[in-house]
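Q: Between the sequences and the hints, there should be enough to build the whole structure, so can you do that?
Letter by letter, the chains look like this.
Protein chains: 2
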Amino acid sequence: MMRTRPLKVALLGCGVVGSEVTRIMTTHAEDLAQRVGAPVELVGIAVRRPDRVREGVPAELITTDATALVKRGDIDVVIEVIGGIEPARALITTAFEHGASVVSANKALLAQDGAALHAAAEQHGADLYYEAAVAGAIPLVRPLRESLAGDKVNRVLGIVNGTTNFILDKMDTSGAGYSEALDEATALGYAEADPTADVEGFDAAAKAAILAGIAFHTRVRLDDVYREGMTEVTAADFASAKQMGCTIKLLAICERAADGRSVTARVHPAMIPLSHPLASVREAYNAVFVEAEAAGQLMFYGPGAGGSPTASAVLGDLVAVCRNKLAEATGPGESAYTRLPVSPMGEVVTRYHISLDVADKPGVLAQVATVFAEHGVSIDTVRQTGKDGEASLVVVTHRAADAALSATVEKLRGLETVRGVASIMRVEGE
Amino acid sequence: MMRTRPLKVALLGCGVVGSEVTRIMTTHAEDLAQRVGAPVELVGIAVRRPDRVREGVPAELITTDATALVKRGDIDVVIEVIGGIEPARALITTAFEHGASVVSANKALLAQDGAALHAAAEQHGADLYYEAAVAGAIPLVRPLRESLAGDKVNRVLGIVNGTTNFILDKMDTSGAGYSEALDEATALGYAEADPTADVEGFDAAAKAAILAGIAFHTRVRLDDVYREGMTEVTAADFASAKQMGCTIKLLAICERAADGRSVTARVHPAMIPLSHPLASVREAYNAVFVEAEAAGQLMFYGPGAGGSPTASAVLGDLVAVCRNKLAEATGPGESAYTRLPVSPMGEVVTRYHISLDVADKPGVLAQVATVFAEHGVSIDTVRQTGKDGEASLVVVTHRAADAALSATVEKLRGLETVRGVASIMRVEGE
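Residue numbers (the UniProt record's numbering), protein chains in the order written: chain V, 1 to 430; chain S, 1 to 430.
Note that these hints are calculated values from the structure, not bench results. Just so you know, not all the hints are guaranteed correct.
Since the list gives no way to pick out one identical chain from another, each pair is judged satisfied if it fits inside one copy or across any two copies.
Unchecked claim - Calculated pairs, SDA-like style, for lysine to any residue (alpha carbon to alpha carbon, straight line, at most 20 angstroms):
#, residue 1, residue 2
1, LYS152, ALA33
2, LYS361, GLU328
3, LYS411, PRO341
4, LYS325, GLU122
5, LYS152, GLN34
6, LYS71, ARG399
7, LYS152, THR218
8, LYS361, ALA116
9, LYS152, ALA29
10, LYS152, ARG23
11, LYS325, ALA400
12, LYS152, GLU41
13, LYS387, GLU416
14, LYS152, PRO39
15, LYS152, HIS28
16, LYS361, ASN324
17, LYS152, PRO277
18, LYS8, LEU42
19, LYS152, GLY37
20, LYS152, GLU30
21, LYS325, GLY389
22, LYS152, GLY307
A: Right under this line is the structure:
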């Protein structure tokens, strides 16, 4: 049974994602109506630059007054694809106050203020959906908060930033250095003019915060996520990785501690074995592993960004939120009942791959090994190569607390026989 | 805000899946309550053999009278993990009539009678959820009917049967024949004593019907699915596949026709390139590719069967259905508004790999090529090897209608110079 009165939708932002959302809402209106159970009408599009040419976007819907649009009072759903903290936050809050539900693609805002926004949604009986905020079109938020709602997620491990994966993939396949690979990514439109948010891991960290919060039913904010970018990964690191049968990926890792009493969330480059499915995720694709107690290991793979994939995720949420509106119900809101604290990076248990330049004389290996032992870090393998009085030691450790590993490296740097620490990288996915 | 009055759940069937559902509901009761918003209580478990020892299953909940259990009138949700058509169908229908929603893992029933069951659910304002019916713990039903609700799915291609994937993987890696690999699968518990449903493709065909119906918003029944099992795949086929840089998988393929006016669904063994992600799906794992207009290519991977993974999917649905109950709403029901017809296999456009034993004399290739041309089938590659008057011709075609390919093969069989058709296999995933 189809309702004839349409649900009214306001769109905030009409860049790459917004114009694709508009295109699909216009060209697939009949399908959306059938799937929702009522027509869905786009009644206004707020933009900053109204004079910009936007093909296929009805000019009569364009406004520069986003606040007036969300305050109309007859809006059922607001779609926010502006990004950034303000004015997005104020507009979303105003939307809730005026009876609208919200679909957002804003990872930065959700990672920083998700709890307050969820509270505002609940207070006003509205929905806040944001599948598009994490890994574009890949269904992750819904599987984690609905499909796995009866399971216990222990780990989320993935590639959630397409720009950095493109750069690392280029470095891996062509032997290029970071700058060269970044230039290629920029030329092809995979990296923005200012790539900081991507290459320094801020974007991935925001996604890690959102995923960890949903996976572990607790609050994780951007500030809780340990973050290392990938600008210092070198061609030499890739060469070391290859020797170990590994490649290097920028990973987002969310884990429940072994005792179950805390969680961790981190983003950093890491070596992973070539046999691991994440190793073969090429170019700008994203992929996320989820390990749950009953389900086992699941993997989700697809395009992590781009106008169309992000629009697909936005529209899936739009259909769900519209259905909820018709049913006068709301979908699942924030679930943070476990109140598990987020532990600092020092408590993360991981493995290190360390390259040392050392003096090539008897006793050096014993001295280095003693430092590891003193810090309770067990060594898995050591490879020693040397010539002309200089030698290189590559040490791969067993699993140990990150703090113990850092302290070990610090102590090694102080040894007279250690000329330098050429590289340190964590090893994951084993 | 937690409701204190519990939601009451009845479980039908307590085998591998049912006992795992019971275990999780018992040991994770507090988590389920938090996620649902009310306690969830298992009030009865209907079994055929009450005297069987079931560790961790409360004896006082066991009953042999399933009908009386679903007729109690105070049951909020019935979980059906009996399998098969009857008595499952009658019990589910009775459950709806008595006000319960239903979570089912029953692919055979849904593929045969999904439309009638959905209608019964809608009539009684109840939910019918069945994530566990397709690919175990891998979220597929929910992503297709919710995450991609604003998108247009054009293709679903996947490995949805773990038993046959295990057998084919063994044949591929060890060079074993079908019987030997089946024996190993049986010994390890991956194949049932009567493996017919798996190896003849019935199980995969039921899943294909369910996936096609959801993906294309139309009705697809088991009888609409073209089905070929994998019992005739030989070690020689694997050798041919290797020469082409391929492996062989039993695939379920659901496609929208190029003109958008019909759909097809089929299950058969096929060669796929080793570079395709499905080629590296090992042992009993499942993986499904979904191609949608805006989202692009997505892949979902995980354990496709087993007690725990299937229980995870059942419990995810249970949480969703319980939330809907509390909100006095229902989730998305059947969506079959496109009414797209299902075309027969002859209209499917695909490629063939054909091995022919031919007489080794001049003109044979020309004769064979003429037969292809007469049927409008374009040849991609031909490889000819011969000795002692006998020769082998391996032909790989371009894409053509399956009917034209079949007719071509039929005509080839009649040629005097063709001694035999050694193997025919479709080629997919390119």
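Q: For each hint, tell me whether it holds in the structure or not.
A: For each hint, the structure was consulted:
1. LYS152 <-> ALA33: between (36 angstroms within a copy, 14 angstroms between copies)
2. LYS361 <-> GLU328: neither (77 angstroms within a copy, 77 angstroms between copies)
3. LYS411 <-> PRO341: Neither: 30 angstroms inside a chain and 71 angstroms across chains, both beyond 20 angstroms.
4. LYS325 <-> GLU122: both (14 angstroms within a copy, 18 angstroms between copies)
5. LYS152 <-> GLN34: Between copies only: 13 angstroms across, 35 angstroms inside.
6. LYS71 <-> ARG399: Neither, since 54 angstroms and 55 angstroms both go past 20 angstroms.
7. LYS152 <-> THR218: within (13 angstroms within a copy, 34 angstroms between copies)
8. LYS361 <-> ALA116: neither (60 angstroms within a copy, 81 angstroms between copies)
9. LYS152 <-> ALA29: between (38 angstroms within a copy, 12 angstroms between copies)
10. LYS152 <-> ARG23: Cα proximity of LYS152 and ARG23: across copies only (13 angstroms, versus 39 angstroms in one copy).
11. LYS325 <-> ALA400: The answer is neither: 50 angstroms in one copy and 46 angstroms across copies each exceed 20 angstroms.
12. LYS152 <-> GLU41: between (39 angstroms within a copy, 19 angstroms between copies)
13. LYS387 <-> GLU416: Classified as within; 18 angstroms inside a copy, 72 angstroms across copies.
14. LYS152 <-> PRO39: between (38 angstroms within a copy, 17 angstroms between copies)
15. LYS152 <-> HIS28: For LYS152 and HIS28, only the inter-copy Cα distance (9 angstroms) is at most 20 angstroms; the intra-copy one is 38 angstroms.
16. LYS361 <-> ASN324: Classified as neither; 72 angstroms inside a copy, 71 angstroms across copies.
17. LYS152 <-> PRO277: Neither, since 22 angstroms and 28 angstroms both go past 20 angstroms.
18. LYS8 <-> LEU42: Within one copy, since 6 angstroms is at most 20 angstroms while 42 angstroms is not.
19. LYS152 <-> GLY37: between (34 angstroms within a copy, 17 angstroms between copies)
20. LYS152 <-> GLU30: Classified as between; 12 angstroms across copies, 39 angstroms inside a copy.
21. LYS325 <-> GLY389: The answer is neither: 74 angstroms in one copy and 75 angstroms across copies each exceed 20 angstroms.
22. LYS152 <-> GLY307: Classified as between; 15 angstroms across copies, 33 angstroms inside a copy.
Violated hints for the displayed structure, listed by number in ascending order: 2, 3, 6, 8, 11, 16, 17, 21.
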